[in-house]
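Residue numbers (my numbering), protein chains in the order written: chain U, 1 to 359; chain D, 1 to 437; chain R, 1 to 294.
Check the hints yourself; a few may be wrong.
Claimed, not checked - Among the chain U residues that face chain R by a calculated CB cut under 10 angstroms, a handful are:
1. Leu-95
2. Ala-122
3. Ile-126
4. Met-130
5. Asn-153
6. Arg-195
7. Leu-199
8. Glu-286
9. Leu-289
10. Ala-291
11. Leu-294
12. Ile-298
Because the hints were derived from the structure by calculation, they are not lab data.
Don't be surprised by glycine CBs; every beta carbon is placed ideally from N, CA and C.
Take a look at the letters that make up each chain.
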Amino acid sequence: MKPAVLWRGGSLVALVAVAAAVPLLNNPLVTNVGVFVLMYVGSAVAWNIFSGFTGYISLGAAVFFGTGVYTTALLTEHLKLNGGAVFATYPLGGLAAAVIAVPFGLIALRVRRHTFVVVTIAFFFIFQLMAYDFSWTGGTLGILGPIVNWDPNTFYNPFYYTALIVAVGSAVLAWAIWGSRFGLQLRAIRDDEDRARGLGVKTMRVKLTAFVISAFPMGILGGLYFFLQGQALPEYAFNPFYDLTLALMSFLGGFGTLSGPIFGALLLEPYLGYAQYQVTNAYVAEVVLGALFLAVIIFLPRGILPTVGEKFTSWRVAWVRRSAGAQAAPAEPAGASPAADAVKTGAAGSGAPGGGSQR
Amino acid sequence: MRRPSARTALCAAFAIMAASAVAGCGGITATGSGNSGTLAGPTGKPITIGFSEPLTGAFQTDGEASLKGYQLWAADVNSHGGILGRPVKLVYLNNNSDPNTTTRTYTKLITQDHVDFVVGPFSTLLTKPAAQVAKQYHRAFVEGSGGGVSIYTLGYDNLFAVSAPVLDQLAPFANWVKSLTGPNRPKTAAYAMVSDPFADPPVQFAQGILQKAGITTVFNDANNAINGGAKPLSPAALTAAIKATAQQVAAKNPDVVLLGTVDVPSLATFINEFRALKFNPKMIIATSGPDQGQTFLSAVGNGNSTGIMVPDGWYGNFPDSLNHVMVQEYIAKYGGTAADINADVAESYSSGEVLADAITAVGLSQQKIITYLHSGVVLNTVQGLAQWGRGPGGVNLKSVNATSIFQWQNGGTRFVKVLPLGGDAVTIRPVKPAWVG
Amino acid sequence: MGTFLRAVTDGVLEGGVYGLMAVGLTLIFGVLDIINIAQGIMVVLGAYLTYVLWTHLHIDQFVGLLITIPAMFILGVAVQYLFIRPLRGRERTSMSLLACYAVAIIIEGVLYQIFGSNYVSYTDYWTSPQATVEIGGYYLPYIYLFGFALAVLFVVLIYWMLYRTQFGRSIRATMQDHTAARLIGIDVNRVAALTFGIAVAVTAAGGMVYGTTTAFNPNTGYDLISRLLAIIVLGGMGSIGGALGAAVLMITVESLVDVYWNPQWSVVVFYAVLVLVLVFRPQGMFGRKEARAQ
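Chain U on its own, in the form it takes in the complex (with noise of 0.2 angstroms):
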């Protein structure tokens, strides 16, 4: 196990230390499509904390995002910030995102699954239209943000570094939480809620609790949007494609997977980025990604890593059976008991990153 555990930690390691090498190419475009990869990598890893542990799919993610958008830049406007100081602010954007989630998982938890859906897109709609409708959020106009002369080749550096602190930060978080004992029950829920509630677990307020964590990197994420983009629009704040960008992520890379989230936004935000640019053929793109999923759907129903990982699993199992004869010990006791079974057990922190019950 020490190997790997090595192996495992040092290559997260390089792959931070790579990420944070990016703006040392000294290449604005790169850095500014390097900062919506983080975003998306954090909002991305914090939605599946609550929805893919649980699999209550929210399409209401964007309330969070929005909230932290409208919290920074209300701060920012009253109080007249500038340049760094609106980083400050960053945080408040968070936990603005957290106590507002508190009363939307109050009142959407109340339901099962397929409501549960519905429920967070009516939340959407009534944000936004608040945030059109309101005069304190500035409607259509929205809120202008501060006017800052940073350096264009560097520009986009502190941004960037934000967000692959919160990205990495979250990315932390699900992996503590994943191994928890409330990462156990939050996938005992996922298995069979019933059942969970059979064993004590207490649902409704396991679920919440991941509600609520999983808004609060959102909210930081929405405030750097705003200084980036320097406005906050109502359409843009609260983006109904934000929800469904990040649910596509998590699917396609593995949903309720650990690693499955940031392999998905690694791989989506930069071809939706890409395929914006194109003259004639963005539409094409949008059919292009449709097919794509289609693809997934069929033939890698569990996402791209798990489906991958589990043949090359069995590919590895053959290749050492062979190389090393019957002497080889089998890799690992394939599929682990279920989650709901290792609640009941009390064995938690048996389900390691990566783990063999992941899904």
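Please build the complex by placing chains D and R on the supplied structure of chain U, with the hints as guidance.
Using the frame of chain U, we list chains D and R on its own:
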């Protein structure tokens, strides 16, 4: 199972990270190197002009028209010897009607395609991020389609608008009403608008003029304007909202109705509701809709169009020799008639003209061009004369040919310029007849 | 006609059309236990088909239904056969949502590619100022009346099919219990495919009326699906009468808010009503308690 799965994940993540970096650096190559018709005359290294347009998404039609304007201008310049003897080459990208993509495209044009100049995209929403990038890199930024109020409040000293600001669109109408005497002079007015940066400010500006002239405001929904115009409200919800507002307006029976509308459907809903309620105001003017020709007529019925007015910054028959040339070229290239040409074409074309004049005068230096345009110089464009001065909020367009007001007459057979009075203006019909059915 | 009566008339007539679209959605949910998130864009597709038939072949939109309804039926069966049926296992529900969404963005992309992003509206007899009837001092367009009549006709047809035909009995049996239905010899796959086809086919009619009364573009599908989902949740998912009742009720409430409060808040009220009702009745207004918990 555990180890390899994590490893695959990380391997894949590395690969993707690398791939995305590559895509960011060089993968996004210029996709629309413009055909600018470099066949005739000028030789040597072309002067590259970069911009992005919303060629897909919400502003697609306007983006395409705006692009045609630039292409027409470039072809025109190149067939007349280019600028400083060098041909013009357009480099354009698609910004998908999205502000962040606009930021990326202008960053790319400046830092990777190394274009000599950047000019503005269609729409105020997209002009703002483009102007921001241009400002960061100290580039002169001439733009024709960012007429919204938020552009003028930016206070950028490198930004030069060449089209009349949206704000004063209805001013010729308000000033004319103010000048009326006798029975034709209205006593009451209603102001209804959808919440939109292009519809509300001109109506509110006209309200200021009319109120000062002593015309009583009987209805004004400026503070709770119907939400719409932008994407969020569905046409169905917007229609319902407009109907309700129209009923409130009709209940007050005002003499003049000023409508902040965004298109034919939003205006037709107002008009058809007024018809349904048999409410006949003396005058109706709308910020958008009547300018759309047959689409408008079909929506309200030919007979009902008579007397309805609309502002138009530029029109195909604008009496200007440069404009005449552009219109003829447009028709030769794309067909149709002068009336079919979208004003976006003229706005882009004007941007090109201003930039060309400035380069011809002071050369290729960005700073010299900025200083030159600040100097009070008067330049001629297809939209009329333009000059820039420093206002309270930054650089403002000081004078451009005043916005014209157009009116439908004779049961939908004539759409003519009526204000400002004189010149090529046709006699205005001061009182709108009753609805015909 | 009084303001109140007028608002209610508008609400009921328009609500009927929404009811027609929502019935398809709720039927799919009841039988297949999935949410067809593509229903909204399919309504828009139906509207575009009618538009094409009118502008290119000058086929009246009511006559055009003879072509568009079978076309949409085939599309529905194909989508179910190709993308929904192969889904298996525990994640079937989530994956079907995603599959429907993927179908939706493909349709949307194709529509954008062909028609662009401009709003489209018909200009023909049905939208002309002549096609109106005066009721109590106010002109009501025929299309609202005929559209409502069409909606009622289709809902009656679906009811007749469900309760008076052998196939309808199979559908109802499948709605109640998949496994039992299979055990008594019902071809559940065939029922699922035909149900999906029928539910998509009615969007042709809904789209035609919607397109005649309202301007639309490919983006309209998002707004439609959000409303339709709210309507079927409120009506109790899987309940056909509930969907119809909720549609009429919600659109009437919206119409009343327009007149008596402020149009800008009517959409907020629309969704707020949904949220409020769910606080007190998580199973919807007309739904059976925990009828379909998952």
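Results for each hint:
{"no.": "1", "hint": "Leu-95", "result": "violated, 23 angstroms"}
{"no.": "2", "hint": "Ala-122", "result": "holds, 4 angstroms"}
{"no.": "3", "hint": "Ile-126", "result": "holds, 5 angstroms"}
{"no.": "4", "hint": "Met-130", "result": "holds, 7 angstroms"}
{"no.": "5", "hint": "Asn-153", "result": "violated, 35 angstroms"}
{"no.": "6", "hint": "Arg-195", "result": "violated, 13 angstroms"}
{"no.": "7", "hint": "Leu-199", "result": "violated, 18 angstroms"}
{"no.": "8", "hint": "Glu-286", "result": "holds, 3 angstroms"}
{"no.": "9", "hint": "Leu-289", "result": "holds, 6 angstroms"}
{"no.": "10", "hint": "Ala-291", "result": "holds, 6 angstroms"}
{"no.": "11", "hint": "Leu-294", "result": "holds, 5 angstroms"}
{"no.": "12", "hint": "Ile-298", "result": "holds, 6 angstroms"}
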